[in-house]
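So the sequences go chain by chain: A and B. For the first sequence, the numbering used here gives the first residue as 3, with consecutive numbering after it. For the second sequence, the numbering used here gives the first residue as 2, with consecutive numbering after it.
It is possible that some hints are incorrect.
If you only want the chain B side, here are some residues facing chain A, beta carbon under 7 Å, derived [what the hints assert, rightly or not]:
| id | residue |
| --- | --- |
| 1 | Leu56 |
| 2 | Ile57 |
| 3 | Tyr71 |
| 4 | Val74 |
To list a few chain B residues with every Cβ distance to chain A over 12 Å, as calculated [as the list claims (entries may be wrong)]:
| id | residue |
| --- | --- |
| 5 | Trp24 |
| 6 | Gly55 |
| 7 | Ala61 |
| 8 | Pro92 |
| 9 | Arg120 |
| 10 | Ala132 |
| 11 | Leu186 |
Calculated from the structure, these hints are not laboratory results. Being a predicted model, the structure only gives us computed values, none of them experimental. Idealized CB from N, CA, C, for every residue including glycine.
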Amino acid sequence: MTAAQFDIQLVAVITAAACALPGSFLILRKMGMMTDAISHAILPGIVVGFFLTEDLSSPLLIVAAAATGVVTVFLVEIVRDTRLVKEDAAIGLVFPALFSIGVVLISRYAGGVHLDEDVVLLGELAFAPFDRLTIGGVDLGPRGVYVSGSVLALGAAFIGAFYKELKCATFDPALAAALGLVPGVLHYGLMSVVSMTAVAAFDVVGSILVIALFVGPPAAAYLLTDRLPVMIAGSMGIGALCAIAGYWVAHALDVSIAGSMAGCVGLAFALSFLFAPERGVVARWRRRRRQQWEFAAQMLLVHLFHHEGTVDEAVENRSKHLQEHFGWTANAAEQTMNAARTRDWISLQNDRLHLTHSGRSEARRVLRRGTGGARAEAPVGSMAHASLRTPSDGARPDEVQHTTS
Amino acid sequence: MTAQPALTVRDLTVAYREQPVLWDIDLTVPEGTLMAVVGPNGAGKTTLIKAVLGLIDAAAGEVRMFGQAYDEVRDRVGYVPQRGSVDWDFPTSALDVVMMGLYGRLGWFRRPGERERERARRALDRVGMLAFADRQISQLSGGQQQRVFLARALVQEADLYFMDEPLQGVDATTERTVIELLRELQQDGTTMLVVHHDLQTIEEYFDAVMLLNVRCVAAGRLEEVFTEDNIQRTYRGKTAPQEE
Numbered sequence: 003m004t005a006a007q008f009d010i011q012l013v014a015v016i017t018a019a020a021c022a023l024p025g026s027f028l029i030l031r032k033m034g035m036m037t038d039a040i041s042h043a044i045l046p047g048i049v050v051g052f053f054l055t056e057d058l059s060s061p062l063l064i065v066a067a068a069a070t071g072v073v074t075v076f077l078v079e080i081v082r083d084t085r086l087v088k089e090d091a092a093i094g095l096v097f098p099a100l101f102s103i104g105v106v107l108i109s110r111y112a113g114g115v116h117l118d119e120d121v122v123l124l125g126e127l128a129f130a131p132f133d134r135l136t137i138g139g140v141d142l143g144p145r146g147v148y149v150s151g152s153v154l155a156l157g158a159a160f161i162g163a164f165y166k167e168l169k170c171a172t173f174d175p176a177l178a179a180a181l182g183l184v185p186g187v188l189h190y191g192l193m194s195v196v197s198m199t200a201v202a203a204f205d206v207v208g209s210i211l212v213i214a215l216f217v218g219p220p221a222a223a224y225l226l227t228d229r230l231p232v233m234i235a236g237s238m239g240i241g242a243l244c245a246i247a248g249y250w251v252a253h254a255l256d257v258s259i260a261g262s263m264a265g266c267v268g269l270a271f272a273l274s275f276l277f278a279p280e281r282g283v284v285a286r287w288r289r290r291r292r293q294q295w296e297f298a299a300q301m302l303l304v305h306l307f308h309h310e311g312t313v314d315e316a317v318e319n320r321s322k323h324l325q326e327h328f329g330w331t332a333n334a335a336e337q338t339m340n341a342a343r344t345r346d347w348i349s350l351q352n353d354r355l356h357l358t359h360s361g362r363s364e365a366r367r368v369l370r371r372g373t374g375g376a377r378a379e380a381p382v383g384s385m386a387h388a389s390l391r392t393p394s395d396g397a398r399p400d401e402v403q404h405t406t407s
Numbered sequence: 002m003t004a005q006p007a008l009t010v011r012d013l014t015v016a017y018r019e020q021p022v023l024w025d026i027d028l029t030v031p032e033g034t035l036m037a038v039v040g041p042n043g044a045g046k047t048t049l050i051k052a053v054l055g056l057i058d059a060a061a062g063e064v065r066m067f068g069q070a071y072d073e074v075r076d077r078v079g080y081v082p083q084r085g086s087v088d089w090d091f092p093t094s095a096l097d098v099v100m101m102g103l104y105g106r107l108g109w110f111r112r113p114g115e116r117e118r119e120r121a122r123r124a125l126d127r128v129g130m131l132a133f134a135d136r137q138i139s140q141l142s143g144g145q146q147q148r149v150f151l152a153r154a155l156v157q158e159a160d161l162y163f164m165d166e167p168l169q170g171v172d173a174t175t176e177r178t179v180i181e182l183l184r185e186l187q188q189d190g191t192t193m194l195v196v197h198h199d200l201q202t203i204e205e206y207f208d209a210v211m212l213l214n215v216r217c218v219a220a221g222r223l224e225e226v227f228t229e230d231n232i233q234r235t236y237r238g239k240t241a242p243q244e245e
């Protein structure tokens, strides 16, 4: 590996980590689209920054761009809070408006200057090794390392300092507000970090890769874990791995580095989406098959419960009768009985099906859950009505004490 | 010392786009009261709690808790939101959710430690959920999630609780646990305002009720206000302002 190759990967890994860190909170807040919006909406900020400095390489342009990103978030929320449009539509309305203001400003006042987002946020990883930071003639390494490194440090400091507050405000904003954790302030703090990270990363790696790095690794990590710290660390790790893998794929195929890295992020998400142990498509499919039999077994329980202790019990509660009663195939009846038996819900004695103790309470639970929703919806307006009802509709009289005690 | 009421609400009005959702609410809740808030869908039950806690802006009105502004007694007030108001797929454990109840008192920049974990475990134990402490919250049943929410309120050790539908759609075990807990809290002198949907269980579970339908139809001790007439007036919508 040459020094240039190392530099490219180092810059990419740091940028990936910097994006994935606040990206995790964006995903949990269902705001993944916000980075996309910010990437377009910052143009007027760059233009105004240029008017002020008249210097295309001034760092003030990046600051102005980041500030515009926060303004974007603010405007989106104003539009959303009118309750006339939903959040996604609000995002779709605000960023083209800001973008177009940038375009109009350029065409009116800066027609002679070649000014667009690409000039300021050139972002091409292949050039990262040649864009170096030198102070007093001393070469301190690629500039991208410092740009991305500082937003990574900023993000880590912010999320490290306000971790518990951010977690609470993301999970339950109403509680956070009631506890006095000022979720609104935290929100804008987080969005400022997102905006600065996005703009700095655009400058280093280009806008498409930035959006991929913000959204892809956290979305993949979200499916793989049940713990927030693991999700955050995991998304940073996945982002870093994709950066390295993407570089070598690009190297082997001689294609765009950023495109290859973004492709790896997509692949990482696809793998997680399909094969995540709990939430992946395959795991869900297997679970649904299992639940199919559980549901059939519950139907069986209710049937047995219904006829238990009645005159037709001898006919109805026979294993042979199930095919006829439910229209099941012999195989389905067999599978259902097995499902019920492995859960210790029924016992089988000489062709007769008996509910076990736990089977009986499961049947009651199923019955109650079925009627619970209907009862909540029913209009109840009279005390006479109220006192006439027995608390557990559908249960036998000897079960009445169950829901009231 | 004369005891201040736990909650006093004066002329509280909330409107969404000129449509009043709560109209001129007056309410006094003495300390140690276990009060149900009932009313039809859209009566403003959740809005009442949110407006009292300052989570949404009121058009008018004054709220005092223990004779003071909410900001001054925040530590003494607990809130149990509706279970459906949060995303239960959030990557965290039951114990972690309970610890969130302590974040306010913990203060900025301080991390919850072993002491907080122990308090959260005790609260989970009180609602019969200790065995599920490390369980990811989406793997809990609706009733279990509700009990976690309740445990989260318990760790706050508040003197006044606002609970939004803690018995909505829960199983019998949870309903029993919740009710026993409310009674224990009441015996310790805690005041509770509980949004409830089931008129049939009011008399069994509560000792005071607020009948709400945009306006406060009646509020007070059960034997005084929970009458057939008041219930009819609440559920027929006769007090809704647009019909006047």
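Results of checking the hints against the structure:
1. Given the 7 Å rule on beta carbons, the hint for Leu56(B) holds: about 5 Å separates it from the nearest Cβ of chain A.
2. Residue-level restraint check for Ile57(B) is violated (minimum Cβ-Cβ distance to chain A is 10 Å; threshold 7 Å).
3. For Tyr71(B), the interface hint is violated, the least distance from its beta-carbon to any beta-carbon of chain A being 9 Å, above 7 Å.
4. Interface restraint check for Val74(B): the shortest CB-CB distance to chain A comes to about 11 Å, outside 7 Å, so the restraint is violated.
5. In this structure Trp24(B) is separated from chain A by more than 12 Å, as the shortest Cβ-Cβ distance comes to about 20 Å.
6. Non-interface status of Gly55(B) relative to chain A is broken: a Cβ of that chain comes within 12 Å, the nearest being about 8 Å off.
7. With a closest Cβ-Cβ approach of about 21 Å to chain A, Ala61(B) is found to remain outside the 12 Å limit, as its non-interface label requires.
8. Interface exclusion of Pro92(B) from chain A breaks down, the closest Cβ pair being 5 Å apart, not more than 12 Å.
9. Non-interface status of Arg120(B) relative to chain A is upheld: no Cβ of that chain comes within 12 Å, the nearest being about 15 Å off.
10. Against the 12 Å criterion, Ala132(B) stays outside the reach of chain A, whose nearest CB is about 17 Å from its own CB.
11. For Leu186(B), the requirement that its beta carbon stay farther than 12 Å from each beta carbon of chain A is met, with the minimum near 18 Å.
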